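Visitor: Sequence:
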Amino acid sequence: MNRLHATKDFWLAALRADGPALWDAVAETGPDAQVAACPGWTTADLAHHTTEVLRWVRATVARGVTDRPPARQEPEIYPEWPETLDQLRRELTGTIETLEALDPDFPAWNWAPQPKRAGFWHRRMAHEVSVHRWDAESAAGRATPIETKLAADGVSEVLDTWLPAGRRKGPSDLHGVVHLVATDAAHEWFVRLRGPGIALLDTGTILDSDDHHARAKTTGTASDLQLALMGRKRPDQLALTGDPRLVQALRTG
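Residues in the sequence shown are numbered consecutively from -3, following this note's numbering.
In case anyone wonders, no lab produced these hints; they're calculated from the structure. All of these numbers come straight from a predicted model, not from anything done at the bench. Among these hints, one or two may not hold up.
Computed beta-carbon distance windows for the label pairs [unchecked claim]:
| hint | residue 1 | residue 2 | range |
| --- | --- | --- | --- |
| 1 | 182 | 240 | 44 to 52 Å |
| 2 | 13 | 99 | 21 to 29 Å |
| 3 | 141 | 35 | 16 to 24 Å |
| 4 | 237 | 93 | 23 to 31 Å |
| 5 | 76 | 237 | 47 to 55 Å |
| 6 | 9 | 59 | 33 to 41 Å |
| 7 | 61 | 90 | 18 to 26 Å |
| 8 | 76 | 137 | 18 to 26 Å |
We treat Cβ as the ideally placed atom computed from N, Cα and C, and that holds for glycine.
Whole structure, please, built from the sequences with the hints as guidance.
Guide: So this is what it looks like as structure tokens:
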């Protein structure tokens, strides 16, 4: 596994780029367009979800404590479309302002086996918005890939954060090693599956005698790899050798 080095400034720059692009795509399609990447959702559903997540994160991260906050509650009634767009714009802007004001080491709860610091949310919100930007652009018929370094970090986030937190939607009874290769980012990852157990392997310390030989290998752009792990693309849409079920076992969406 190659080490990725991303920073608060990098993630905020991604938010500043993807936030307006998300809003533009949502506004372009209108409230009733189907979001194929999120079955059953319309563009309005996507806008409401994103707005509520951003609002909840802003309130959670600013508390300065690490205890679990109240669960996020969805409103019983959502506003009309013009107000929906206004709310989404305000929350995108407000989230950037809130996160920009916080040091990455500021105490903040999160749901993963990670340090309880605000830096978790700098990273998480960059990926939340970038993937939903792709969702919205897909609904508009003009999806563009996630930026390469951001997507490579998104693959790492799935493997070092989502899966260890138990947020896994693929099968959990498989054994083997999956090799992921990002063709445009000079990054690769080895993941060992042992039933419900998952270990992200460091290729810099693996020995030839270790049982690390891939039983499944999938190759693609960093964006396509992240989107596949997040359930937006099928594994067979990438170059795949070996048992496709092992790749499916890494899905979090």
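Visitor: If a hint holds in the structure, say so; if it does not, say that too.
Guide: Now the hints, each set against the structure:
Between residue 182 and residue 240 the Cβ separation comes to about 25 Å, which falls outside the hinted range of 44 to 52 Å. For the pair residue 13 and residue 99, the beta carbons lie near 22 Å from each other, so the given range of 21 to 29 Å is met. Under the hint 16 to 24 Å, the C-beta atoms of residue 141 and residue 35, about 21 Å apart, fit the expected range. Take residue 237 and residue 93: their Cβ atoms lie about 46 Å apart, and the range 23 to 31 Å is violated.
Distance hint check: the CB atoms of residue 76 and residue 237 are about 50 Å apart, consistent with the given range 47 to 55 Å. Checked against the given bound of 33 to 41 Å, the beta carbons of residue 9 and residue 59, roughly 25 Å apart, lie outside it. At roughly 20 Å, the beta-carbon separation of residue 61 and residue 90 lies within the given 18 to 26 Å, and the hint holds. Judged by the Cβ atoms, the range 18 to 26 Å given for residue 76 and residue 137 holds: they are separated by roughly 25 Å.
In summary, the structure is inconsistent with hints 1, 4 and 6 from the numbered list given earlier, while agreeing with the others.
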